[in-house]
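Chemist: So the chains spell out like this:
2 protein chains.
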Amino acid sequence: MKKLINKPEDFVRESLQGMAAAHADLIKVNYDPTFVYRATPLIPGKVAIISGGGSGHEPMHAGFVGHGMLDAACPGEVFTSPTPDQMLAAAKQVDGGAGILYIVKNYSGDVMNFEMATELARSEGIRVLNILIDDDIAVKDSLYTQGRRGVGTTVLAEKICGAAAEQGYDLSQVAELCRRVNLHGRSMGIALTSCTVPAKGTPTFELSDREIELGIGIHGEPGRERTYIKLVDEITEILTHSIIEDVSYRRTVREWDENQGEWIDVELIDPPLQKGDRILAFVNSMGGTPLAEVYLVYRKLSQICEQQGLQIVRNLIGPYITSLEMQGCSITLLKLDDELIRLWDAPVKTPSWRWGI
Amino acid sequence: MKKLINKPEDFVRESLQGMAAAHADLIKVNYDPTFVYRATPLIPGKVAIISGGGSGHEPMHAGFVGHGMLDAACPGEVFTSPTPDQMLAAAKQVDGGAGILYIVKNYSGDVMNFEMATELARSEGIRVLNILIDDDIAVKDSLYTQGRRGVGTTVLAEKICGAAAEQGYDLSQVAELCRRVNLHGRSMGIALTSCTVPAKGTPTFELSDREIELGIGIHGEPGRERTYIKLVDEITEILTHSIIEDVSYRRTVREWDENQGEWIDVELIDPPLQKGDRILAFVNSMGGTPLAEVYLVYRKLSQICEQQGLQIVRNLIGPYITSLEMQGCSITLLKLDDELIRLWDAPVKTPSWRWGI
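Residue numbers (our numbering), protein chains in the order written: chain A, 736 to 1092; chain B, 736 to 1092.
Hints are computed from structural coordinates only; laboratory data are not their basis.
Please note that a few of the clues may not be correct.
Since copy identity is lost for identical chains, a pair holds within one copy or between any two.
Said to hold, decoys possible - Simulated crosslink set (PhoX-like; lysine-lysine; CA at most 25 Å straight-line):
| no. | residue 1 | residue 2 |
| --- | --- | --- |
| 1 | Lys737 | Lys827 |
| 2 | Lys742 | Lys1084 |
| 3 | Lys1070 | Lys875 |
| 4 | Lys763 | Lys742 |
| 5 | Lys965 | Lys737 |
| 6 | Lys763 | Lys875 |
| 7 | Lys763 | Lys827 |
| 8 | Lys965 | Lys935 |
| 9 | Lys827 | Lys965 |
| 10 | Lys1070 | Lys827 |
| 11 | Lys1070 | Lys1010 |
| 12 | Lys935 | Lys763 |
| 13 | Lys1070 | Lys965 |
| 14 | Lys875 | Lys935 |
| 15 | Lys742 | Lys965 |
Being a predicted model, the structure only gives us computed values, none of them experimental.
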């Protein structure tokens, strides 16, 4: 294993120390329990947005803490869920009295721990809602997941809900918005290579010099098919058509029901994209793929969308939700409306995403 | 070779097509000869900044075309100099009557072709100056270079000179500023892995599972030493101390002298950094290294700078001048003054760099 690290067990903590040193004007890091939060003063009456999950997907989530996006992020060890005490401590730190939205990627460990944190926080008088992101259409169940995995749409939800919170949306409105973004977002990824988790020291999976994994998860979970390398245009066609023709759009997610005071199953149904829909096209690098290649994917994607009558009115291109040094990419298509566009365009200032400020 | 590409010979053109499709509000691409330029109207009386070089270093340079940075970029094939006709056509396209500054990385092909383009443009009545960037302190001469190579400081020069041009600096002032940025900027890099040029199909060089190359060039040129993998703290110490104690700061670069109407050698002398200096610390990913590792480098770098009495007052962290999917990083330290800080902070809006707008 060749990596720019010291001891594997210090990887996450030291990386956060580097972030804290680099962006002292934007973020602070608390250790034991570990969470990243805004360096700027708390805004009373603003809904606070918290996300988190295993490390190794940087810049998500810690790189998105700041004005217009997250109030706090809870990083676990690499590809390992953070613990409820991290999530609870973060909630206490950033609660401005208007409640907390936890944005949770659908992995069993994350789901369980964020549910526990939700209950702990509520028992301490903090109002918390909890929205799952389950946008990965590649497989129905996966290695660490019941149902669809949460991937690229998480980044979009954090941007859009962060803007809404900044603009004074209340907790129910931000949660409803987050549910809508998840409902309208669909993703699928592909890997050319594995990544190596520092603590393990060997690749998570093996691919030969000619193989790729279609439908890869962001922790290297198996996808739909292992196949031979194809032209980028062919790969992009498979990903894009899989997303457009997705038939897994009917599913249930667990959410906290404030009225009933219990966890309930919410049914999500969002029919496939249709001609004339306005979309945000997000081409994400898995971390190790050159930007020039990511633009090759975007090139074909934009051609397909045009043929299909889908209007790309916004886009995002680059490494946002990565899998360490994995080579590959994912495509996320999010159906937009005027409100989502307005929130997307709002200013943001975080370590890894800044515009308008 | 596994890459997200179609035919290797179409790689650069198709990637630019993807960029043009993604950022139609910011850039346009001209083909035959190939250059990228701002989609926004020409600003009469503004000095135009043009850079260029081989492709494979994205986002540099095409990703930096837009308000507050470049007016045009001339991409060659991967790791291959662009041609004088590209540079001339770009100059004609973006000339607003106030002249052109070519920012040129010190590689023999780039230098020769930009010199030729300078003469061609001048013969057509366009005023052009030409500043070399030669900030890589790793080796004195290299595979494609006489003297020091041009690396990370190029990114900083494009940002700072772009801001100055936007603020109405005249051509001599922008050139003088660029010379100062180059004079005060020092860099050194390290590679954990090679990259593979699409047209070649095999790695540029071989490193064993335990080897690294200290002082690597951005085209995989040999550095100072091939050695065994070390802790990131040790690697960062070697890079940082090499930069701080640099003794190669006395050198000459060729520039066009407008008064004499000929190329002259300009002597550059900038003594080493001193206690109390304010600096910009730039930790650049070579493309394939996870962001979390880049922050580990920044962590140690900031500690060393503090020990040495150097004040990091600005920083830049991430993949800006890459070498395709190469794993590794480079450190650039730029001595700042009030004017450079003011220009650094100015708004910018390009495909890959945006803030304040």
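Chemist: A separate judgement is required for each hint: does it hold in the structure or not?
Modeler: Do the hints match the structure? See the list:
1. Proximity of Lys737 and Lys827 under a CA criterion of 25 Å is satisfied in neither setting, with 39 Å inside one chain copy and 47 Å between copies.
2. Taking the shortest alpha-carbon separations for Lys742 and Lys1084, neither the intra-copy value of 32 Å nor the inter-copy value of 39 Å comes in at or below 25 Å.
3. Proximity of Lys1070 to Lys875 under the C-alpha cut-off of 25 Å is restricted to the intra-copy arrangement: shortest distance 21 Å within a copy versus 54 Å between copies.
4. In this homomeric assembly, Lys763 and Lys742 come within 25 Å of each other (Cα to Cα) only inside a single copy, at 23 Å, whereas the closest approach across copies is 46 Å.
5. In this assembly of identical chains, the alpha carbons of Lys965 and Lys737 lie at most 25 Å apart only when taken from different copies (9 Å versus 28 Å within one copy).
6. For a Cα distance limit of 25 Å, the shortest separation of Lys763 from Lys875 qualifies neither inside one copy, at 38 Å, nor across copies, at 41 Å.
7. Taking the shortest alpha-carbon separations for Lys763 and Lys827, only the intra-copy value of 15 Å comes in at or below 25 Å, while the best inter-copy value is 48 Å.
8. For the identical chains of this complex, Lys965 and Lys935 are inter-copy neighbours only, at 18 Å across copies versus 30 Å inside a copy, given an alpha-carbon limit of 25 Å.
9. When the C-alpha separation of Lys827 and Lys965 is checked against a cutoff of 25 Å, the pair qualifies neither within a copy, at 49 Å, nor between copies, at 40 Å.
10. In the homo-oligomer, the alpha carbons of Lys1070 and Lys827 never lie at most 25 Å apart, since the shortest distance is 34 Å inside one protomer and 41 Å across protomers.
11. Only within a single protomer do Lys1070 and Lys1010 lie at most 25 Å apart by alpha-carbon distance; the minimum there is 11 Å, versus 54 Å between protomers.
12. Taking the closest pair of Cα atoms, Lys935 and Lys763 never come within 25 Å of each other, the shortest separation being 29 Å inside a single copy and 46 Å across copies.
13. In this assembly of identical chains, Lys1070 and Lys965 lie within 25 Å of each other by CA distance neither inside one copy nor across copies; the values are 28 Å within and 47 Å between.
14. Taking the shortest Cα distances, Lys875 and Lys935 never come within 25 Å of each other, neither inside one copy (27 Å) nor across copies (40 Å).
15. In this homomeric assembly, Lys742 and Lys965 come within 25 Å of each other (Cα to Cα) only across copies, at 11 Å, whereas the closest approach inside a single copy is 38 Å.
Violation of the numbered hints given earlier is confined to hints 1, 2, 6, 9, 10, 12, 13 and 14; the remaining hints are satisfied by the structure.
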